Amino acid sequence: MIKTDVIIIGAGPAGLFAVHQLGIKGLKAVVVDNLDKAGGQCIELYPDKPIYDIPAIPSCTGEELTNKLLEQIKPFKTQFYLNERVDEVNQEKENWIVKTNNNNQFSAPNIIVAGGVGSFEPRKLSLKEAEKFENESVFYSVKNKENFKNKNISIFGGGDSALDWSLELSKFSKITLIHRRNEFRGAPHTLNEIKKLESEGKISIKTPCQLVSIEGNKNINSIIVKFDDGKTEKIQTNVILSFFGLVMKLGPIAEWGLSMNKKAIEVNPQNFETNKKGIFAVGDICTYPGKLKLILSGFHEVALASVECFKRAKPNEKYRFEFTTSSKTIQGRLGKND
Amino acid sequence: MSKITYKDYQGNTKTIDVEDGLSIMEGAIQNNIPGIDADCGGSMACATCHVYVEENWLNKIPKVEEAEVDMIDMAFEPKKNSRLSCQLIVTKELDGLTVTTPEKQS
Chain A
1 MIKTDVIIIG AGPAGLFAVH QLGIKGLKAV VVDNLDKAGG QCIELYPDKP
51 IYDIPAIPSC TGEELTNKLL EQIKPFKTQF YLNERVDEVN QEKENWIVKT
101 NNNNQFSAPN IIVAGGVGSF EPRKLSLKEA EKFENESVFY SVKNKENFKN
151 KNISIFGGGD SALDWSLELS KFSKITLIHR RNEFRGAPHT LNEIKKLESE
201 GKISIKTPCQ LVSIEGNKNI NSIIVKFDDG KTEKIQTNVI LSFFGLVMKL
251 GPIAEWGLSM NKKAIEVNPQ NFETNKKGIF AVGDICTYPG KLKLILSGFH
301 EVALASVECF KRAKPNEKYR FEFTTSSKTI QGRLGKND
Chain B
1 MSKITYKDYQ GNTKTIDVED GLSIMEGAIQ NNIPGIDADC GGSMACATCH
51 VYVEENWLNK IPKVEEAEVD MIDMAFEPKK NSRLSCQLIV TKELDGLTVT
101 TPEKQS
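As they're listed, the protein sequences go chains A and B.
Using the working numbering, read the first sequence as starting at 1 and increasing by one per residue.
Using the working numbering, read the second sequence as starting at 1 and increasing by one per residue.
Please note that a few of the clues may not be correct.
Here's a subset of chain A near chain B, in silico, CB distances under 7 angstroms, partners left out [as the list claims (entries may be wrong)]:
no. : residue
1   : 45
2   : 46
3   : 123
4   : 127
5   : 128
6   : 180
7   : 185
8   : 244
9   : 245
10  : 247
11  : 248
12  : 289
13  : 297
The hints are simulated quantities; they were obtained by calculation from the structure and are not laboratory data.
Just so you know, these numbers come straight off a predicted model, no measurement behind them.
Every residue, glycine too, gets a C-beta built ideally from N, C-alpha and C.
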């Protein structure tokens, strides 16, 4: 059991800035996120796209914003628990106990839910029969390349993941790349490589077409795809790899007894506390009258929530509002005092 | 105000007066129309406000941009008449439009 002052669920911009607002108040935090890296939607949905409404930053990409936030919270040496999803939240006297799907347990008087729209999960194939082959011959990511050697692999998707894995796996397997339209989204260099391998007969490209059925019992023998003109084709396949991006699932958050409105958690906009004392919700996942799903709103929300967290984590201390510009204590916490 | 009809995959319809200037997605969310999730809130980053537009309307609505087509690649069962409803802004010209929501969004 790891004890801390605040458990932050979600490592998007709101979760990261929460570390800062808590840190300057002398509070310790841990961050748990289901993704393999910090940044949330910024890093997963639009790492290269510009954001124009961060105050005083005329333009930055999702990735740049994430990196700046990580730099800003570096002095606090916060522990991140990535690739972990919070499954259970239970109360034990004044503290909340959080359990993850990786069997980590945390205890703290405060939880800040900065969960965005929930946790990211791969978008599954729409064909129902794909489900029974999942993790046997249907995969949504490549964890170990060795398992994909000397196979007939059908890869679905038109973006970077589909293209990059087609290139990589074509070194030792027969690849069919299948996409619903003729155009692919990918770096020009990658597209050229794919075209080259196609002309050498190492990759077969099927467009514009979509999957209509999977044949096989325990393992897949073949798949049938249908072209836009109505023709169908059978393709020998042992393995299906599908790359249709990620979807956001609210997941276990819905089961923690928090008062919800549609998919958002209702909060008191004075301190962003939920209906449970000591559980706060900030960023896209919270709702209150006038809520805007903006990153800058998330920053404001964590600042106010952190004050309430202080009161609960240090009930015997008086909270004193201070400015980073003039407070020697804060500057010390930021490692600025020499 | 323009009349927008939302039809679900089973054929049930609901017609709503949507304020001009709102997106078809916002019209659905504000009126509790099921079948449109809009997880990302309209930033064209999730493809969960995917709808099918009736063929005879395809030429009358604003043309699809490349970034939207890229995102539609990710949608559940995309078709030729697929659009993201967050990108369809209601104007007088859209009065009477029917959009059909897919069986599910993800």
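Hints, verified against the model:
1. Nearest Cβ of chain B to the Cβ of residue 45(A): about 4 angstroms, under the 7 angstroms cut. The hint holds.
2. A hinted interface residue such as residue 46(A) counts as satisfied when its beta carbon comes closer than 7 angstroms to some beta carbon of chain B; here the least separation is about 6 angstroms, so the hint holds.
3. Hint status for residue 123(A) relative to chain B: holds, with the closest Cβ pair at about 6 angstroms, below 7 angstroms.
4. A hinted interface residue such as residue 127(A) counts as satisfied when its beta carbon comes closer than 7 angstroms to some beta carbon of chain B; here the least separation is about 10 angstroms, so the hint is violated.
5. With a least beta-carbon distance of about 11 angstroms to chain B, the hint placing residue 128(A) at the interface is violated under the 7 angstroms criterion.
6. The interface hint given for residue 180(A) holds, since its Cβ lies 6 angstroms from the closest Cβ of chain B, which is under the 7 angstroms cut-off.
7. Checking residue 185(A) against chain B: minimum C-beta separation of about 5 angstroms stays under 7 angstroms; hint holds.
8. The beta carbon of residue 244(A) comes within 5 angstroms of a beta carbon in chain B, closer than 7 angstroms, and the hint placing it at the interface holds.
9. The interface hint given for residue 245(A) is met, as the beta carbon of that residue sits about 4 angstroms from the closest beta carbon of chain B, less than 7 angstroms.
10. Because the beta carbon of residue 247(A) sits about 4 angstroms from the nearest beta carbon in chain B, less than 7 angstroms, this interface hint is met.
11. The closest approach between the C-beta of residue 248(A) and any C-beta of chain B is roughly 5 angstroms, which is under the 7 angstroms cut-off, so the hint is satisfied.
12. Interface restraint check for residue 289(A): the shortest CB-CB distance to chain B comes to about 15 angstroms, outside 7 angstroms, so the restraint is violated.
13. Proximity of residue 297(A) to chain B is violated relative to the hint, the smallest CB-CB distance being about 12 angstroms (cut-off 7 angstroms).
Checked against the numbered hints given earlier, the structure breaks hints 4, 5, 12 and 13 and satisfies all the rest.
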